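Working from the sequences, and respecting the hints, build out all of it.
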Amino acid sequence: MPISHKNISLFAIMLKWCCAKRTEGGNKMASHLEQSLAERIAYLQDRSQFSQADIAKKMGIDRTAFSKIKNGTRKVSADELNKLSEIFGVSTDYLLGNTVSQDGKAPSWATEKDKNDLKHYLSENWDSMTYGGDKLTDEEKQQLRVAMETIFWRRHKHQ
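Residue numbers for the sequence shown follow the UniProt record's numbering, beginning at 1 and rising by one.
Please note that the accuracy of each hint is not assured.
[Said to hold, decoys possible] Straight-line alpha carbon distances no greater than 20 Å define the calculated PhoX-like cross-link-like pairs of lysine-lysine that follow: (1) K75 x K57; (2) K119 x K83; (3) K83 x K141; (4) K68 x K57; (5) K83 x K68; (6) K68 x K58; (7) K141 x K119; (8) K57 x K83; (9) K75 x K58; (10) K75 x K141.
Hint data in this document are derived by calculation from the structure and do not stem from the laboratory.
In this text the structure is predicted, and so the values were computed from the model without any measurement.
Here it is, written out as structure tokens:
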């Protein structure tokens, strides 16, 4: 998929959302993702055999910290997100509310061309991404990747 001016504008907007200073209400995109994340974690934990203490121990945090994550009052690092994914056996995209599929696979209607287009779309200049002259952190890249995948699949579904 060639990168057009529309894509670059969308990319710039996503960067601003993902990398905005966390002041006056914080990062809008992160807040949206965190809310969905808290709901999914609560759903999965309530249906698992794990107590809050069990999950907290597996994550390497205390029970209070996990309780705050589950209630949506504490942000989750990329590492913690990956640990939660492993504990519950679901994809990080599912945890973030970007797919109803717990395994993180592409939508059933996606063709091989769609999947290759997404891979190409995400890989261009990924390692050299900056915002305001600073390289993006792994967590910011993860947030941006998830957001871009979500937008990509939504737009391709309607083409």
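Do the hints match the structure? See the list:
no. : hint        : in the structure
1   : K75 x K57   : 18 Å, holds
2   : K119 x K83  : 24 Å, violated
3   : K83 x K141  : 17 Å, holds
4   : K68 x K57   : 15 Å, holds
5   : K83 x K68   : 16 Å, holds
6   : K68 x K58   : 16 Å, holds
7   : K141 x K119 : 15 Å, holds
8   : K57 x K83   : 11 Å, holds
9   : K75 x K58   : 18 Å, holds
10  : K75 x K141  : 16 Å, holds
The structure fails hint 2 only (numbered hints given earlier).
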